[in-house]
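Protein chains: 2
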Amino acid sequence: MTALGRHLILELRDCNPERLNDLPFIERVMLEAARRANATILSHQFRRFEPQGVSGIVIIAESHLAIHTWPEYGYAAVDVYTCGETLRPEVAAAHLVKALECSRPYVISIKRGLLEDNTVARPQEIIRLDEQGLGGEKGVAQTVL
Amino acid sequence: MTALGRHLILELRDCNPERLNDLPFIERVMLEAARRANATILSHQFRRFEPQGVSGIVIIAESHLAIHTWPEYGYAAVDVYTCGETLRPEVAAAHLVKALECSRPYVISIKRGLLEDNTVARPQEIIRLDEQGLGGEKGVAQTVL
Chain X
1 MTALGRHLIL ELRDCNPERL NDLPFIERVM LEAARRANAT ILSHQFRRFE
51 PQGVSGIVII AESHLAIHTW PEYGYAAVDV YTCGETLRPE VAAAHLVKAL
101 ECSRPYVISI KRGLLEDNTV ARPQEIIRLD EQGLGGEKGV AQTVL
Chain C
1 MTALGRHLIL ELRDCNPERL NDLPFIERVM LEAARRANAT ILSHQFRRFE
51 PQGVSGIVII AESHLAIHTW PEYGYAAVDV YTCGETLRPE VAAAHLVKAL
101 ECSRPYVISI KRGLLEDNTV ARPQEIIRLD EQGLGGEKGV AQTVL
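If you read the sequences in order, they're chains X and C. My numbering numbers the first residue of the first sequence as 1 and each following residue consecutively. My numbering numbers the first residue of the second sequence as 1 and each following residue consecutively.
Next up, chain X with everything else stripped away, as it sits in the complex (with noise of 0.2 Å):
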C-alpha cells in the first residue's frame, strides 16, 4: 500500500544519561543520523533545559527528526519522519540507539499519507531492537507485537 512518508517512533529507555544531557553531542548525532537516513537537512534547532534535558529538531526535505530527552530517567522520546523512496529512517534510528547507549530501545513504524479508500494511518509493527541496531544496518529486527 503506497504511503507518502514513515514515522518511527522511538521509545529509548535505559539511555546513557549523561550523554541525554549534552547539547553539543545530542546535536551532532541526530545531525549525523539525518545524514546516514539520506536526508537533505535544511535547519535545525537545539535546547538545553533547566535543571536538565535536551530537545531538538532537524528539519528535513523529507520531513523532520525530533528528540526530547529526560536524563533523570534515562529516557529520550525520539522521531525520524522520513518522506521519499531513498530513505532510510532506520538506519538514522540504529544510529541514534547505538550513540546513546540504549539498552532497551522500543520502535513502532506508521505509516504516514496512505490515501487510498478509507485506509487509516496505523502502526504497521512494533519492533524490538536488537543490540546491532534495525534491519537497515546488519542488525535484526524483531516484531514484538
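Read the hints as simulated data drawn from the structure, not as lab findings. Values in this document were obtained by computation on a predicted structure and should not be read as measured data. Please note that the accuracy of each hint is not assured.
Heads up, the list lumps identical chains together, so a pair's fine if it works in one copy or across two of them.
List of simulated lysine to aspartate or glutamate pairs, DMTMM-like, C-alpha gap at most 25 Å [said to hold, decoys possible]:
(1) K111 / E50
(2) K111 / E101
(3) K98 / E116
(4) K111 / E72
(5) K98 / E32
(6) K98 / E72
(7) K111 / E85
(8) K98 / D22
(9) K98 / E27
Based on the hints, put chain C in the right spot on chain X.
Using the frame of chain X, we list chain C on its own:
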C-alpha cells in the same frame, strides 16, 4: 499508567488545498493551535516547497508541533506532541482540523514515556473526529479501532 507525554498523530485528508499551500496561513494556525493547547512557544520555523507544500515546526517548552502538507492530495500530516498535565493537545488538533477545512480527519493518540515495567509505547486509541472537533472542545471523539 503514568506517561511523560502524549503524542497525537493527525492524518488529515480532504483538506482545503489552497489553505495547505498558504505558508502565512499555516504558520498562523499552527501557532494558534499551540496557544490553544496551553503550550509555551519557544521558536518556530516554516518553509514552503516548490512547486507546492508547506512544512513547519513549532518548538514548545513541552515538546513540539509539526506539519507537512501535500496540497496536491489535499493531505496534511500533523503531530501534536505535548508533555505535562495542563496541556490540551486535543484542542490544538480540533483547531487545525477546522482551520484546514478537513472533512476526513483521523487521530492516533500515543502515550510517550511509559517508564514502568516493560511497557512499550503503543497506540492507545484511534479516534475519528466528528465535525465539531475533538472531545477537548465540544465535539465527540469516536473510537474507530
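To see whether the hints hold, each was checked on the structure:
1. Proximity of K111 and E50 under a CA criterion of 25 Å is satisfied inter-copy only: 24 Å between copies versus 35 Å inside one chain copy.
2. Taking the closest pair of Cα atoms, K111 and E101 come within 25 Å of each other only across two copies (23 Å); inside a single copy the shortest separation is 27 Å, beyond that limit.
3. Taking CA atoms no more than 25 Å apart as the test, K98 paired with E116 passes between copies only; the shortest distance there is 22 Å, against 37 Å inside one copy.
4. Only between protomers do K111 and E72 lie at most 25 Å apart by alpha-carbon distance; the minimum there is 19 Å, versus 32 Å within a single protomer.
5. Taking the shortest alpha-carbon separations for K98 and E32, only the intra-copy value of 12 Å comes in at or below 25 Å, while the best inter-copy value is 37 Å.
6. Taking the shortest alpha-carbon separations for K98 and E72, only the intra-copy value of 19 Å comes in at or below 25 Å, while the best inter-copy value is 38 Å.
7. Only within a single protomer do K111 and E85 lie at most 25 Å apart by alpha-carbon distance; the minimum there is 13 Å, versus 29 Å between protomers.
8. Taking the shortest Cα distances, K98 and D22 sit within 25 Å of each other inside one copy (15 Å), while across copies they are farther apart (40 Å).
9. In this assembly of identical chains, the alpha carbons of K98 and E27 lie at most 25 Å apart only when taken from the same copy (15 Å versus 35 Å across copies).
Violated hints are absent here; each numbered hint is respected by the structure.
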